[in-house]
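Protein sequences, first through last, are from chains A and C.
Terminal number for the first sequence in the working numbering: 113, no gaps in between.
Terminal number for the second sequence in the working numbering: 225, no gaps in between.
Source of the hints: derived by calculation from the structure; they are not laboratory data.
Note that this is a predicted model, so its numbers are computed, not measured.
Be aware that a few hints might be false.
DEER-style ranges, computed between Cβ atoms [stated by the list, open to error]: (1) Y135(C) x R73(A): 33 to 39 Å; (2) G84(A) x G166(C): 28 to 34 Å; (3) Q41(A) x K169(C): 36 to 42 Å; (4) V163(C) x G28(A): 20 to 26 Å; (5) S140(C) x S95(A): 21 to 27 Å; (6) T20(A) x G153(C): 18 to 24 Å; (7) E128(C) x T111(A): 33 to 39 Å.
Ideal Cβ placement from N, Cα and C applies to all residues, glycine included.
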Amino acid sequence: KAGVTQTPRYLIKTRGQQVTLSCSPISGHRSVSWYQQTPGQGLQFLFEYFSETQRNKGNFPGRFSGRQFSNSRSEMNVSTLELGDSALYLCASSSASSATEAFFGQGTRLTVV
Amino acid sequence: TQLLEQSPQFLSIQEGENLTVYCNSSSVFSSLQWYRQEPGEGPVLLVTVVTGGEVKKLKRLTFQFGDARKDSSLHITAAQPGDTGLYLCAGYNAGNNRKLIWGLGTSLAVNP
């Protein structure tokens with residue numbers, strides 16, 4: 001069974017640009033959650049999608065958005081990038097209808113310069 | 114707001130030593146998970162504990178869930194360099210909008 005796949009692995013963007021990250025969950029998993037990880041803040045929850053609907057949302061500005069497609073693949077978008085958005089962005093999929101055990105992808109390392 | 118506090122934050126030991134890391138909260142969780150994360154990679158699930166007082170073993174790793182389901186510990190026996198990584202605990206409570214609550218992690222370095 002293939003794991004969670006995130007693309008791209010690395011990205012370098014300039015302040016003010018926008019970026020789209022992609023996540024393909026484990027086959028059969030319908031829940032996809034996104035996290036931002038930085039050394040000082042740890043894992044910060046961005047949002048969770050289940051069956052194409054955003055089910056939970058963290059405390060991030062509206063520049064951070066996401067969506068989920070009918071095949072459970074998910075994308076997140078960050079507009080008007082800021083230097084502070086540099087982080088490892090992780091996607092996790094879960095099989096249950098509630099967010100219990102999370103299976104993570106390798107992440108996308110975003111650097112904003 | 115539910116919080117999970119992990120201690121110690123950093124730990125550097127020699128190969129062969131034993132260690133224990135802790136995950137504490139004032140809140141009750143219906144389950145708690147431990148993950149290990151290597152640099153540049155996503156966290157990998159090690160174990161889930163659901164019953165108060167539960168002990169689970171994974172080779173040289175022993176996980177315990179507190180009786181009150183508010184805390185957990187991870188004990189590693191005879192640590193090896195391959196155990197190096199960031200150990201994260203995450204608590205789940207169905208009443209908390211079904212979100213996982215994450216600790217900041219314990220960064221472990223095992224020196225050969």
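List of violated hint numbers, smallest to largest: 2, 3
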